[in-house]
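Asker: Sequence:
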Amino acid sequence: MSDSQFIETGVNQNVRITPSNIKVHQLYQTLRSFPNGNRNCYSLGSVVNKGNKYLIRAYFLYGDYDGKNNSPKFDLYIGVKFWATFSSYKATREIYTEIITIASMNFISVCLVNTGEGTPFISGLELRPLNSSIYGVVNESYSLFLWDRFDSGRSIYKDDIIRYPEDPFDLIWETREEASWISFGTSQNVTYKDKAIEPPPRAMMTAVRPLNNSDALFYSWANYSSWQFHIYLHFAELELLGPNMTRVHYPVVKPNKAGDLFSSEKRQFTYAEVITMTNNFRRAIGKGGFGTVYYGQMPDGTQVAVKMLSLLSVKLLARKCQGSDEFQNEVQLLTRVHHRNLVPFIGYCQEGDGTALIYEYMAQGNLGSHLLGTNGCTKALNWGQRLRIALDIAQGLEYLHTGCKPSIIHRDMKTTNILLNERFEAKIGDFGLSKVFFNDDEQTHISTLVKGTPGYLDPEYFHSNNLTQKSDVYGFGVVLLEMITGQPPIIRSSTNYEKRNLVDWARPIIATRDIQAVLDPRLEGDYDANSLSKVAEIALACTSPRSIERPTMTAIVAELKDCLGTETAVEISCSPEIGQVGTMSSYSSVLFPR
Numbered sequence: 001m002s003d004s005q006f007i008e009t010g011v012n013q014n015v016r017i018t019p020s021n022i023k024v025h026q027l028y029q030t031l032r033s034f035p036n037g038n039r040n041c042y043s044l045g046s047v048v049n050k051g052n053k054y055l056i057r058a059y060f061l062y063g064d065y066d067g068k069n070n071s072p073k074f075d076l077y078i079g080v081k082f083w084a085t086f087s088s089y090k091a092t093r094e095i096y097t098e099i100i101t102i103a104s105m106n107f108i109s110v111c112l113v114n115t116g117e118g119t120p121f122i123s124g125l126e127l128r129p130l131n132s133s134i135y136g137v138v139n140e141s142y143s144l145f146l147w148d149r150f151d152s153g154r155s156i157y158k159d160d161i162i163r164y165p166e167d168p169f170d171l172i173w174e175t176r177e178e179a180s181w182i183s184f185g186t187s188q189n190v191t192y193k194d195k196a197i198e199p200p201p202r203a204m205m206t207a208v209r210p211l212n213n214s215d216a217l218f219y220s221w222a223n224y225s226s227w228q229f230h231i232y233l234h235f236a237e238l239e240l241l242g243p244n245m246t247r248v249h250y251p252v253v254k255p256n257k258a259g260d261l262f263s264s265e266k267r268q269f270t271y272a273e274v275i276t277m278t279n280n281f282r283r284a285i286g287k288g289g290f291g292t293v294y295y296g297q298m299p300d301g302t303q304v305a306v307k308m309l310s311l312l313s314v315k316l317l318a319r320k321c322q323g324s325d326e327f328q329n330e331v332q333l334l335t336r337v338h339h340r341n342l343v344p345f346i347g348y349c350q351e352g353d354g355t356a357l358i359y360e361y362m363a364q365g366n367l368g369s370h371l372l373g374t375n376g377c378t379k380a381l382n383w384g385q386r387l388r389i390a391l392d393i394a395q396g397l398e399y400l401h402t403g404c405k406p407s408i409i410h411r412d413m414k415t416t417n418i419l420l421n422e423r424f425e426a427k428i429g430d431f432g433l434s435k436v437f438f439n440d441d442e443q444t445h446i447s448t449l450v451k452g453t454p455g456y457l458d459p460e461y462f463h464s465n466n467l468t469q470k471s472d473v474y475g476f477g478v479v480l481l482e483m484i485t486g487q488p489p490i491i492r493s494s495t496n497y498e499k500r501n502l503v504d505w506a507r508p509i510i511a512t513r514d515i516q517a518v519l520d521p522r523l524e525g526d527y528d529a530n531s532l533s534k535v536a537e538i539a540l541a542c543t544s545p546r547s548i549e550r551p552t553m554t555a556i557v558a559e560l561k562d563c564l565g566t567e568t569a570v571e572i573s574c575s576p577e578i579g580q581v582g583t584m585s586s587y588s589s590v591l592f593p594r
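Going by the UniProt record's numbering, the sequence shown opens with residue 1, and the numbers climb by one from there.
Note that these hints are calculated values from the structure, not bench results.
All figures in this text were calculated on a predicted structure; none of them were measured in a lab.
Backbone N, C-alpha and C fix where the C-beta goes; we use that ideal spot for every residue, glycine too.
One thing to keep in mind: the hints can contain errors.
List of simulated lysine to aspartate or glutamate pairs, EDC-like, C-alpha gap at most 20 Å [what the hints assert, rightly or not]: (1) 73 x 514; (2) 451 x 422; (3) 561 x 64; (4) 379 x 526; (5) 534 x 520; (6) 68 x 117; (7) 50 x 117; (8) 379 x 422; (9) 534 x 524; (10) 499 x 520; (11) 90 x 64; (12) 287 x 398; (13) 561 x 398; (14) 561 x 514; (15) 561 x 537; (16) 90 x 117; (17) 90 x 75; (18) 73 x 524; (19) 73 x 117; (20) 73 x 94; (21) 534 x 549; (22) 379 x 524.
Computed beta-carbon distance windows for the label pairs [stated by the list, open to error]: (23) 466 x 271: 37 to 45 Å; (24) 106 x 136: 17 to 25 Å; (25) 499 x 275: 38 to 46 Å; (26) 136 x 85: 22 to 30 Å; (27) 421 x 275: 38 to 46 Å; (28) 279 x 235: 39 to 47 Å; (29) 180 x 239: 18 to 26 Å; (30) 150 x 421: 30 to 38 Å; (31) 246 x 189: 19 to 27 Å; (32) 106 x 235: 23 to 31 Å; (33) 49 x 168: 15 to 23 Å.
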């Protein structure tokens, strides 16, 4: 099927080189590239029904189609939800990636996003309907990204992959062999009664066992501490019983008092484990209304930040106090949010006086320290870094506002809650004050006591107690002003007696287009004037006193992507169009560039 009815942008191309050792599938011989625009989306509407579960598979073969011999790197999104990052070290490498998701509308948008590292492209796109019973963990706010799927025991030299029609949902079952495995199988039909996944019969007719019966079977993968893995194992007894033999069944995972080892919930740690990982709270790396944050290390070497609830707050758990409320709120929210621009949540501890939240450690600390040159952050961020950080923050807020159902209002957007990893990628942290927001016709705001940080508070929220998503937008605007000026939200005089609000000081000056008068001198003139001017305009709009005049985070993300394109413009070349490519099957939609 041609993809032209699902997308209006892009240029059709032929690949120049293909793998020499295999017959290349017709799908990989053509592609659609996207030299224009930062975000190009397929709209799959005519074949999608709201609430149904789908498998989406994207195919890629660079094939040096543009003659640059430099495979690009770009991101994939399902609507506003991050899916995966494409990168390939070899021009002839065939790559596909899968995601299982539920349609929240009567269409699904599959988007390719230019991240400034080459022109996005795609070789093919498949959409497969799934039964609602399989992969039950998937819901409207939680999708599954494929890490690996294989059929054990089938020789990689004799058989091809298994997929549709043997697998009714067209799941791809590749072969896998390990030196420590022995393959065996049966010619008998295998009855598999578990309808949760329904693997194809041929995949269940083969299996593996260890070389030595006393050994275990191992399968391992790279450590991604911020990821949550769901493992689906399929078992069938293939050996026929001899005379006077009975079969003994063992549980796959022995139950324990802590519950299911493969639970989708985040891990709960003991207080003794917290003491060990922090080396008895040896190194404090931060402090806030919640308590103190300590540096720690997991047994596998993973670095973590351990956020301890203060002892005073623990003793007041039965009363209304900021620390205890924040802890309960943050745990509940963090178990349901997953985005690359939110600080990865690893687990928590709630044992006696030991109450803690455990996050992935962010090596570069918080954004505020870098902008103000405090806590040892003496080297100034350049304008390109600030722009990318602004986009990261905006994408995180956009996810909270539109990617979560119900939506989440952060309510404490400030530079000290923006953490930076070793690559200076920004992630939003501290959800202690966050509020769930249904954002429908019946709920336009949340009436709540004013909480937040002076200098970042939305003036409408401050005077009316009505919290909206635009309150986060205001706080984000203050963060942008800090990134432009290098000044804190409350500017103090040298004597500390006189205080000025950053918004009140910077807005009128920027409005006259005299940005130089407020610009951070540590930038030393190294910036793109157009992108700086645009970011200043966004900051003005975000900090408008009237919330109705502030843009949405979705609009802000689009504007910042354009700014980033101006800052890191990439020269693009185009190739001629190609002809039509046929369909794979009538079972579901398979899109090819045309």
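Asker: Hint compliance check: list the failing hint numbers for this structure, sorted ascending.
Answerer: When the structure is compared with the hints, numbers 1, 2, 3, 7, 12, 14, 18, 27, 32 turn out to be violated.
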